[in-house]
Amino acid sequence: MLQLNYGDKLRFRCSFQHKGAAYSGAKLHAAIGNKGTFGFDEILQNEFIVSGIVYDAAWNTYTMSVDVTITTAISSGAYDTMVKLIGIPGSDIYWYGALDDIVIGGEAVFQNLNVSYTKA
Amino acid sequence: MEQQQIAVKVLRQTGAGYYTEITAIEAPASAIAGSLVQIKVTIKNKYSSVISIMVAGALEYGVSPRPAISFPNYWANVEAGASHSFNGSFNMPSHSVTIYAFSYYYYYYGFDSSWHTDDERTKNVSLSELQTQFQSLSASYAKV
Numbered sequence: 562m563l564q565l566n567y568g569d570k571l572r573f574r575c576s577f578q579h580k581g582a583a584y585s586g587a588k589l590h591a592a593i594g595n596k597g598t599f600g601f602d603e604i605l606q607n608e609f610i611v612s613g614i615v616y617d618a619a620w621n622t623y624t625m626s627v628d629v630t631i632t633t634a635i636s637s638g639a640y641d642t643m644v645k646l647i648g649i650p651g652s653d654i655y656w657y658g659a660l661d662d663i664v665i666g667g668e669a670v671f672q673n674l675n676v677s678y679t680k681a
Numbered sequence: 022m023e024q025q026q027i028a029v030k031v032l033r034q035t036g037a038g039y040y041t042e043i044t045a046i047e048a049p050a051s052a053i054a055g056s057l058v059q060i061k062v063t064i065k066n067k068y069s070s071v072i073s074i075m076v077a078g079a080l081e082y083g084v085s086p087r088p089a090i091s092f093p094n095y096w097a098n099v100e101a102g103a104s105h106s107f108n109g110s111f112n113m114p115s116h117s118v119t120i121y122a123f124s125y126y127y128y129y130y131g132f133d134s135s136w137h138t139d140d141e142r143t144k145n146v147s148l149s150e151l152q153t154q155f156q157s158l159s160a161s162y163a164k165v
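Residue numbers (this note's numbering), protein chains in the order written: chain A, 562 to 681; chain B, 22 to 165.
It is worth saying that the hints were derived from the structure and are not from the lab.
Computed from a prediction, not measured in an experiment: that's the story for all the values here.
The beta-carbon is built from N, C-alpha and C at its ideal position, and this holds for glycine as well.
Where hints are given, some of them may not hold.
[Claimed, not checked] Okay, the calculated beta carbon distance ranges per label pair:
1. A/638 x B/112: 57 to 63 Å
2. B/154 x A/570: 18 to 24 Å
3. B/112 x A/661: 49 to 55 Å
[Stated by the list, open to error] With a straight-line cut-off of 35 Å between C-alpha atoms, the simulated DSBU-like cross-links for lysine-lysine are:
4. B/61 x A/645
5. A/580 x B/164
6. A/580 x B/61
[Stated by the list, open to error] Some chain B residues judged to face chain A by a derived CB distance under 7 Å, without partners named:
7. 45
8. 147
9. 148
10. 149
11. 151
12. 152
13. 153
14. 155
15. 156
16. 158
17. 159
18. 162
19. 163
20. 164
Hey, can you work out the whole structure from these sequences and the hints?
This is the structure:
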């Protein structure tokens, strides 16, 4: 479980494999949200344009990063993560993180102000 | 290895060369550009005794001179009626190619002792486009 607060960045370190002709147009799409029965409800997300895919005669591993900034668009609570590789021939490829592994601390709140007074 | 010599030229037999016949070229039907293509050329000795047989090869795809095919062991002494396979290779260009394989025999008559071309055979290798494929997406994350 990873605790995050507003203003923090969550860096997704992604890897995938490629084989075949050089390719451009792929994107890594990373999101924080809720994984449900009908898909992944994204709340925060970011994309990284994949570049430098060269001709690979055999499977070659590429590693790239996507940062998602934690903003007030997301409420405090526990959330899920998802990354998908899009813009590629064939179907998109998905990766899901462990459920409820991201915990957003929420906005700063104050309470229990107490005051006493004396003659000074 | 000492080369075996042929003293007398015989009449051409049906098909193939005088003394040799390329009976097969083994090569893939297609290959991707840049890949190393392995081939095997089998040559039969049609003569009545052992002779030296040599192989050579070239690629035809509109380039002049034709690029040569590499045969690390390009000749052998072959018994009468026997066949010998020569392994070769080339780098697939970005075009479909025709393999031209040639057989030679070592000829000796008077002052003439040299390799003589004898048979020829071809085989096509088409260019294969390797489709772009992706797999195995995985990720880890950390606060930065």
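Structure-based check of all given hints:
no.: 1; hint: A/638 x B/112: 57 to 63 Å; result: holds, 58 Å
no.: 2; hint: B/154 x A/570: 18 to 24 Å; result: violated, 32 Å
no.: 3; hint: B/112 x A/661: 49 to 55 Å; result: holds, 53 Å
no.: 4; hint: B/61 x A/645; result: violated, 45 Å
no.: 5; hint: A/580 x B/164; result: holds, 31 Å
no.: 6; hint: A/580 x B/61; result: holds, 28 Å
no.: 7; hint: 45; result: violated, 27 Å
no.: 8; hint: 147; result: violated, 17 Å
no.: 9; hint: 148; result: violated, 12 Å
no.: 10; hint: 149; result: violated, 11 Å
no.: 11; hint: 151; result: holds, 5 Å
no.: 12; hint: 152; result: holds, 5 Å
no.: 13; hint: 153; result: holds, 4 Å
no.: 14; hint: 155; result: holds, 5 Å
no.: 15; hint: 156; result: holds, 5 Å
no.: 16; hint: 158; result: holds, 4 Å
no.: 17; hint: 159; result: holds, 6 Å
no.: 18; hint: 162; result: holds, 5 Å
no.: 19; hint: 163; result: holds, 6 Å
no.: 20; hint: 164; result: holds, 6 Å
Consistency with the previously given hints fails for numbers 2, 4, 7, 8, 9, 10, ordered from lowest to highest.
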